[in-house]
Amino acid sequence: MKRYIQVVWAVLWKDLRIELRTKDIFTSMAVFAVLALMIFNFAFELRVPDKTMVIPGVLWVTITFSGVLGLGRAFISEKDRGSMAGLLLAPVDRSAIYFGKMLASLIFILVMEIFLLPLMVIFFNTNFISPPLLLVLFLGTLGFAAVGTVFSGLAVNTRTREVLLPVLLFPVMLPVLMAGIRATIGFMEGDTLADMMKWVNLLLFFDLLYLVVAYMTFDFVVEE
Amino acid sequence: MNLSRRLLQILNVVALIAMLIAVYAALIQAPDAINVDPSIRPAQRIIYFHVPSAWSSMLAFFVAFVASILYLITKHIRWDIWARAASELGIAFTVAAVISGSLWAKPAWNTYWTWDPRLTTYTIVLLLYIAYFMLRGAIDEPSRRARMAAVYGIFAFLSVPLTFMSIRWWNTIHPVIVDAPDSTNKFGLGPNMMQAFMITNMAFIILFVALLANRISLGWAEERMDALKERLNF
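Protein sequence lines correspond, in order, to chains S and V. Numbering that gives the first Met the number 0 puts the first residue of the first sequence at 0, with every later residue one more than the last. Numbering that gives the first Met the number 0 puts the first residue of the second sequence at 0, with every later residue one more than the last.
Keep in mind that a hint or two might mislead.
[Stated by the list, open to error] If you want the footprint, here are the derived chain S segments under chain V, 3+ residues with CB under 8 Å:
(1) 192-206
(2) 213-222
[Unchecked claim] Ranges between beta-carbon positions, derived for each pair:
(3) L231(V) to E223(S): 22 to 30 Å
(4) T110(V) to A89(S): 56 to 64 Å
(5) P117(S) to L217(V): 54 to 62 Å
(6) R230(V) to L88(S): 49 to 57 Å
(7) F132(V) to K78(S): 18 to 26 Å
(8) T73(V) to R2(S): 29 to 37 Å
(9) K105(V) to A89(S): 56 to 64 Å
(10) P160(V) to E222(S): 25 to 33 Å
(11) V211(S) to I204(V): 27 to 35 Å
[As the list claims (entries may be wrong)] Short, incomplete list of chain V residues facing chain S, as computed with Cβ under 7 Å:
(12) L127
(13) F132
(14) I138
(15) L231
(16) N232
If you are wondering where the hints come from, they were derived from the structure by calculation, not from laboratory data. Note that this is a predicted model, so its numbers are computed, not measured. Backbone N, C-alpha and C define an ideal beta-carbon position, used for all residues, glycine too.
Chain S extracted, bound-state conformation (with noise of 0.2 Å):
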């Protein structure tokens, strides 16, 4: 157990340390991130009737389209240096490999979200942000990266490469969006976290389901 942590924190490491020297996926995440807000901000200023009506919607479209930006690159380096092979040769799980890059999205996407946050309260003037949306903004999150990483897998061995990240993955996170959403909707109307455990346990129930199935089926994945 205590060598799987350790495989899992070198593969951490590994892609956080590319980068933090890059800069690669965080610049492109937040750039692309903040031009959705303007765009978001054209397309809604002059027909709805209160901008903060929008605010769970804008938010929750933004994640997905920035994050799948980030996850699209999870293997390219390993696949664009020939360095997947060398990883598969560990003498470890390789579901290690697969939960090391997983939290490495995971954190990408959580630090571009917290670049993301205070940006929005700022442009749509209303502070939005509680306790309870963060905990469903990291539960979405953390679903998102499950099924993510899995499938930036898979794109990253076809042609169309990162073309085809997002049809795979949107049908696929459509739940995590619904409850996302409609979670975040209800906090900004004053309900508790209580009101919303519904979505909240579909939130979770979704990240368990997903974290198992790709533990049990990344080898297939990456084998060679």
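Got chain S; can you put chain V on it based on the hints?
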């Protein structure tokens, strides 16, 4: 040769007869629905095609799901052929269900499209399996294609109940434009209608099995052709 040709022919004839009986049961034998407005009584008969298509599509996706798991366990090409055949048929039956549902919704709900949970879920399912075939189309190497497709098939199938549940919960909070009664009293079928309903359902399942068998044997034929091409360096 995976399925003997003779068996396939018998199955085809049985399916043809079953579908002819189904047409008779749905259009002639079944009485008019007295509990709906006279103007939409003919439209109500679409239930004998719409619901069986929907059930057959679910059966097809379930077969594809099981075949995907079996492929990952055994790595036998047979289960890849099964999964692909069943997914294709699932798409065909889903399209049939969505289109026939839309045609019925126009006279009954006065709109071709509503965000009803079943309708929306079905459309998402359609997108899931279109993505499945896009994934297949983007990988050239057969064993890798089979593996990747099997993994995606498992993820896709498991998301369907979650999607359905979340859309239903969503709608119970947001008022639904059109009253969509729950499935137990939706049909409200009398005994004669129930009989026709059961007959058509059986017929569609037989049709599904026949189509699946044909598609699988076609899959084997493709497999053999690929092997031959490889041997001849074609």
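Now for the hints, and whether the structure bears them out:
no.	hint	in the structure
1	192-206	holds (count 5)
2	213-222	holds (count 4)
3	L231(V) to E223(S): 22 to 30 Å	holds, 28 Å
4	T110(V) to A89(S): 56 to 64 Å	holds, 57 Å
5	P117(S) to L217(V): 54 to 62 Å	holds, 57 Å
6	R230(V) to L88(S): 49 to 57 Å	violated, 34 Å
7	F132(V) to K78(S): 18 to 26 Å	holds, 23 Å
8	T73(V) to R2(S): 29 to 37 Å	holds, 30 Å
9	K105(V) to A89(S): 56 to 64 Å	holds, 59 Å
10	P160(V) to E222(S): 25 to 33 Å	holds, 29 Å
11	V211(S) to I204(V): 27 to 35 Å	holds, 32 Å
12	L127	holds, 5 Å
13	F132	violated, 11 Å
14	I138	holds, 5 Å
15	L231	violated, 25 Å
16	N232	violated, 23 Å
Of the numbered hints given earlier, the model fails hints 6, 13, 15, 16; all others are met.
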